[in-house]
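Make a model of the complete structure from these sequences and hints.
Just so you know, our numbering puts the end of the sequence shown at 269, numbered straight through with nothing missing.
These are calculated hints, taken from the structure and not from any lab test.
Where a beta carbon is used, it is the ideal one built from N, C-alpha and C, also for glycine.
Warning: the hint list may mix true and false statements.
Stated by the list, open to error - Label-pair restraints from in silico Cβ distances:
#1 A(-4) with G129: 46 to 56 Å
#2 D234 with L(-1): 24 to 34 Å
#3 D141 with N116: 11 to 21 Å
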Amino acid sequence: TPIQYLIDLRAAQLAGVPTGFVNTSFEVTDPTVRRIAVHVLDRAQAVIFRDRASLANYRVAGGQGPATVVADAAMLHSHLHTAAAPTGRVALAFNGPATEAAGLIPAWIDLAQRLRARGLDPIFVSNEWFNDAPLWRDHLTAHGLSAAGEGLDVDDYVGFLNSFDCVVSGRLHTAVLSVIAGAPAVPVETGTFKITGLFDQIGFDRPLTVTSDWSAAAADHVSDIVRRKADVVISQQRLLARARDNVTDALTARLHDAFPTIDSPRRAIWPHPKNLPKVMASSA
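In structure tokens form, the structure reads like this:
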């Protein structure tokens, strides 16, 4: 995936089109991909990472472009929803490839079983179904657990997340969209830094780190969040609303500086067709 974005940007650069790389993490470890990324990003007019760790990694890799940090723009999606009536449902979302590589899928299954033993209804969800479902399917079948939400577009997914009393997510965008949906989010880190980087940045409690023995403590934490659902939603949405304002202001200012010939900076984020020849913006 990083290579695809980088080829798009480099082709535009070679064609003389100003470029921007927006709303991404710099977390690639392959040395060749890192060299390619630095070569391309150094030649972009705007490089906007979504966490400070990515900016630091870019600099360590030799990046010298005028990069900056603005929190993830997925926070701008739609309007904030109010909390729904309690349902007893808890959504569990994990990054399938990273979780499998770390040997931690059984830890999530154990968490689901502990939540079920407490009278809650754990359901596995994902914003990257094609990556995650093949890795959890056999585990869920073996333990009588369920999954739901496949094929939903982003608006329907937000509405779907509103039906949960808590969303425990190792997927960054499921965590963000659950807060927008009015469901308490419990972000979880697995093998990288981007979830911790984003949620620390906008003032949330530090995300949990999944380990082989995390399930008992995680179940206690989730049960407490479910009990305090209404208050948690109000607190999280207050933080998110402030972050949304900051993202809007920062993106607008940075893109206006990078692409001053564009009529409206907003078009650099959501280009109008007549502006497409003027700028190539890539969002990871």
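So, going through the hints one by one against the coordinates:
{"no.": "1", "hint": "A(-4) with G129: 46 to 56 Å", "in the structure": "holds, 49 Å"}
{"no.": "2", "hint": "D234 with L(-1): 24 to 34 Å", "in the structure": "holds, 33 Å"}
{"no.": "3", "hint": "D141 with N116: 11 to 21 Å", "in the structure": "holds, 19 Å"}
Against the hints set out earlier in the document, no violation occurs for any number.
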